[in-house]
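K.L.:
Sequence:
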Amino acid sequence: MNIKLLPAISCVLWSNSMTIHATTTKEGEQKPVNILFCIADDAGHMSAYGTPWVHTPAFDRVAHEGLLFENAYTCNSKSAPSRAAIITGRNSWQLKEACNHWAEFPADFKSYPEALAENGYNVGYTGKGWGPGIANNSQGKKREITGKAWNKKKIDTSDQTNL
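Just so we're aligned, residue 3 is where the sequence shown starts under our numbering, counting upward by one.
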């Protein structure tokens with residue numbers, strides 16, 4: 003399986019112009035790539051950043067095989083508006099109600115996880131996803147703007163060779 007990792011640390015802005023390339027199987031059909039997008043608050047103490055007292059082998063592998071950002075800046079100092087900027091590709095001042103810490107996510111903004119789900123990707127999150135706030139469509143039905151919650155899914159980490 004061909005895996006391309008797109009990790010991001012802290013408040014990195016998602017680019018509107020990102021292109022995702024598909025892989026080709028032996029039969030010649032195009033398969034979509036796997037995408038891993040990670041956000042962590044205050045992640046500067048990972049061993050990939052040179053911290054000797056924290057051992058993070060799985061994170062270090064992702065950082066080594068993917069991208070590791072050395073400098074990241076946020077357009078808003080609060081977490082929910084920063085995450086809203088990431089998942090929409092918009093600046094903080096363009097987010098309407100989503101620019102506030104506890105907000106209603108505007109129904110007219112589509113998130114990139116929603117766009118990926120519409121195109122056949124299995125999308126999910128652990129942790130907060132977007133919130134805190136309310137994200138409904140124009141009919142008042144709850145939206146999954148960052149996919150389905152995978153907080154209860156666990157992997158066996160006893161065999162560190164696969165990490």
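These aren't lab readings, by the way, just hints derived from the structure by calculation.
Keep in mind it's a predicted model, so treat the numbers as computed, not measured.
It cannot be assumed that every hint is accurate.
Ranges between beta-carbon positions, derived for each pair [stated by the list, open to error]: (1) K33 to K150: 35 to 45 Å; (2) E99 to G52: 17 to 27 Å; (3) N102 to I157: 28 to 38 Å; (4) T58 to D110: 36 to 46 Å; (5) Y123 to K156: 31 to 41 Å; (6) K112 to P134: 29 to 39 Å; (7) T53 to K143: 39 to 49 Å; (8) K130 to H66: 40 to 50 Å; (9) E29 to H57: 39 to 49 Å; (10) S79 to V35: 31 to 41 Å; (11) E67 to K156: 20 to 30 Å; (12) N36 to V56: 39 to 49 Å.
Under the rule of at most 27 Å between Cα atoms (straight-line distance), these lysine-lysine pairs were calculated in the DSSO-like manner [to be verified]: (13) K156 to K33; (14) K130 to K156; (15) K154 to K130; (16) K143 to K98; (17) K155 to K130; (18) K130 to K150; (19) K98 to K130; (20) K143 to K33; (21) K130 to K143; (22) K80 to K33; (23) K33 to K150; (24) K112 to K98.
All C-beta atoms in this analysis are idealised placements derived from N, C-alpha and C, irrespective of residue type, glycine included.
K.L.:
Please go over all the hints and tell whether each is borne out by the structure.
P.N.:
A quick look at each hint next to the structure:
| no. | hint | result |
| --- | --- | --- |
| 1 | K33 to K150: 35 to 45 Å | violated (21 Å) |
| 2 | E99 to G52: 17 to 27 Å | violated (40 Å) |
| 3 | N102 to I157: 28 to 38 Å | holds (35 Å) |
| 4 | T58 to D110: 36 to 46 Å | holds (39 Å) |
| 5 | Y123 to K156: 31 to 41 Å | violated (22 Å) |
| 6 | K112 to P134: 29 to 39 Å | violated (20 Å) |
| 7 | T53 to K143: 39 to 49 Å | holds (44 Å) |
| 8 | K130 to H66: 40 to 50 Å | violated (26 Å) |
| 9 | E29 to H57: 39 to 49 Å | holds (42 Å) |
| 10 | S79 to V35: 31 to 41 Å | holds (33 Å) |
| 11 | E67 to K156: 20 to 30 Å | holds (23 Å) |
| 12 | N36 to V56: 39 to 49 Å | violated (26 Å) |
| 13 | K156 to K33 | holds (26 Å) |
| 14 | K130 to K156 | holds (16 Å) |
| 15 | K154 to K130 | holds (13 Å) |
| 16 | K143 to K98 | holds (19 Å) |
| 17 | K155 to K130 | holds (15 Å) |
| 18 | K130 to K150 | holds (11 Å) |
| 19 | K98 to K130 | holds (21 Å) |
| 20 | K143 to K33 | violated (32 Å) |
| 21 | K130 to K143 | holds (19 Å) |
| 22 | K80 to K33 | violated (37 Å) |
| 23 | K33 to K150 | holds (22 Å) |
| 24 | K112 to K98 | holds (13 Å) |
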